[in-house]
Amino acid sequence: MSERDAVRQISDEDERLAVLERYDVLDTPPEEAFDRITRLTRQIFDVSISTVTLIDGHRQWFKSRQGVDVAETDLSQSLCHIAVVKGEPLIVEDALAHRTIQNHPAVIDGLKLRFYAGMPLRTPDGHVIGTLCAADTSPRAFSQRDQGILADLAQFVVSELELRTLAMTDALTGALSRRAFREEAARAIALARRHATELSVLMVDLDHFKLVNDTYGHQFGDRLLVEVVSTLRSNARQSDIIGRLGGEEFGLVLHQSSASAALEVAEKLRSAIAHLRIDHVDGAVGATISVGVAGLDRTTQDIDTLLERADAALYAAKSDGRNRCIRWETPATPIPGDVRRRVLKGGRIAFNGGRSTMDCTVRSLSDSGAGIDFISTADVPDRFKLLIMADDVSRACRVRVRGDRRIEVDFG
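Numbered by this note's numbering, the letters in the sequence shown go through residues 7 to 418 in order.
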């Protein structure tokens, strides 16, 4: 590949990730509209696996999945990634007879796939952000007619993504959708600035929710989420804004509340959830939450900055043992360029003198630091070099806050 082609490829990938970011769909809860499509895909083609797969900088993440237990894998495990890179359908009738992928990890390990058909999810502006795939552990034929049907189903996925941008509420809990929450929060910030009033944001995460789902089942997990939102709503003011930002993550905007007052509200919410009990055949089940708090101040430029600060405080609360509330503290001397902007950029970290690397996705960025996502942060060292190819950035990093899948770093 020539240097010019390599630069063009990096630029195209950066544009692709920017389009994916505009959909604001990564790490959102399951939605019936997408699950219906993957169920139909399994039934039509009589396969054991179907997913709506989205590809960011370091992983394949399943917006919907049938026949797959995990919600995401790294890119080395992804046949869908191949289809996205090529920008065309990937049809493999028998993986062991397919010279280019017969030794792929998804074939020889993991799901041990023998059949795979991945149809690109091409957006109206021409970018491929993922695939709709049908797969099985046994080989099978896949005709041109089959490919046409899968292409139509893939177009339904893209149409649903377009429609999803108009959705205002989360179907399960009744809280605002993530996009609607961000829009309402942005309006609230504008009003607070115009009228010189205080405002704060809470980021709330349900502790050990995966364990709840694994132990009691997803139906019970859904009941728990509904009860948690109901408890949050009954302990907040009517004017406060509540949104579902992820599977078990929620945001609240508190009008006319300083950060110190918001911390008191957060403790009230934490205590209320800690006393929540839901009946189950095995006995009453309780829950706890971790909360990050951030208040609007003169250094807060927009909703992204405020959410980023609340999110950093949330990760600190989780790292500190969970079931607690932590307030983001403004540095005594503001760091120039410390205002984060929300991004979605492919990255890579290098350590051990450059001998070890890991793919990552940069989710926020400033002149002084970044928020970075991984499949797992367990093997991420405290110091490393971050490479962002699209921006020609190479920065030495030091981990400031470490969560299960995200770290906050300072540069230098």
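What the hints contain is simulated information worked out from the structure, not anything from laboratory work.
Since we're looking at a predicted model, the values are computed, not measured.
Hints should not be assumed to be uniformly reliable.
Claimed, not checked - Here are the simulated distance ranges between beta carbons:
(1) 220 - 118: 18 to 26 Å
(2) 220 - 384: 38 to 46 Å
(3) 157 - 388: 21 to 29 Å
(4) 189 - 106: 42 to 50 Å
(5) 193 - 149: 45 to 53 Å
(6) 285 - 76: 39 to 47 Å
(7) 38 - 193: 27 to 35 Å
(8) 73 - 328: 25 to 33 Å
(9) 147 - 308: 47 to 55 Å
(10) 24 - 144: 23 to 31 Å
(11) 147 - 405: 48 to 56 Å
(12) 388 - 41: 22 to 30 Å
To be verified - Restricting the straight-line Cα-Cα distance to at most 20 Å, the calculated cross-link-like pairs of lysine to any residue (SDA-like) are:
(13) 118 - 102
(14) 118 - 157
(15) 92 - 144
(16) 216 - 290
(17) 391 - 330
(18) 118 - 74
(19) 274 - 219
(20) 118 - 170
(21) 216 - 358
(22) 216 - 274
(23) 216 - 246
(24) 216 - 391
(25) 391 - 412
(26) 92 - 49
(27) 216 - 285
(28) 216 - 145
(29) 274 - 236
(30) 118 - 142
(31) 274 - 305
(32) 391 - 358
(33) 391 - 409
(34) 216 - 244
(35) 274 - 303
(36) 216 - 199
(37) 118 - 150
(38) 216 - 284
(39) 274 - 243
(40) 118 - 134
We put the beta carbon where it would ideally sit given N, CA and C, even for glycine.
Task: Restraint check for residue 216 with residue 199, where alpha carbons must lie at most 20 Å apart - done: violated, 39 Å
Open item on the list: Between the beta carbons of residue 285 and residue 76, is the distance compatible with 39 to 47 Å?
Closed with: violated, 30 Å
Open item on the list: For residue 274 and residue 236, compute the direct alpha-carbon distance and say whether it is at most 20 Å.
Closed with: It holds: about 14 Å lies between the C-alpha atoms, which stays within 20 Å.
Open item on the list: With the threshold set at 20 Å, check whether the alpha-carbon distance from residue 216 to residue 274 stays at or below it.
Closed with: Roughly 24 Å separates the two Cα atoms, so the pair is violated.
TODO: Take a look at whether the Cβ-Cβ distance between residue 24 and residue 144 falls inside 23 to 31 Å.
DONE: The hint (23 to 31 Å, Cβ to Cβ) is violated, given that residue 24 and residue 144 are roughly 39 Å apart.
TODO: Using the beta carbons of residue 189 and residue 106, state whether their distance is inside 42 to 50 Å or not.
DONE: holds, 44 Å
- [ ] Using the beta carbons of residue 220 and residue 384, state whether their distance is inside 38 to 46 Å or not.
- [x] This hint is violated: roughly 19 Å between Cβ atoms.
Task: Straight-line alpha-carbon gap residue 216 to residue 290, limit 20 Å - done: At roughly 18 Å apart (the allowed maximum being 20 Å), residue 290 and residue 216 satisfy the hint.
Open item on the list: Within 48 to 56 Å: is that where the Cβ-Cβ distance between residue 147 and residue 405 falls?
Closed with: holds, 50 Å
Open item on the list: Would the hint linking residue 391 and residue 409 be met if the CA-CA limit is 20 Å?
Closed with: The given pair, whose Cα atoms are some 19 Å apart, holds under the 20 Å limit.
Open item on the list: Given the hinted pair residue 216 and residue 246, is their Cα-Cα distance within 20 Å?
Closed with: It is violated: about 28 Å lies between the C-alpha atoms, which goes past 20 Å.
Open item on the list: Would the hint linking residue 391 and residue 330 be met if the CA-CA limit is 20 Å?
Closed with: Outside the cut-off at roughly 32 Å; violated.
Figure legend: structure checked against the earlier numbered hints; hints not met, in rising order: 2, 3, 6, 10, 12, 14, 15, 17, 19, 20, 21, 22, 23, 24, 26, 28, 31, 34, 35, 36, 37, 40.
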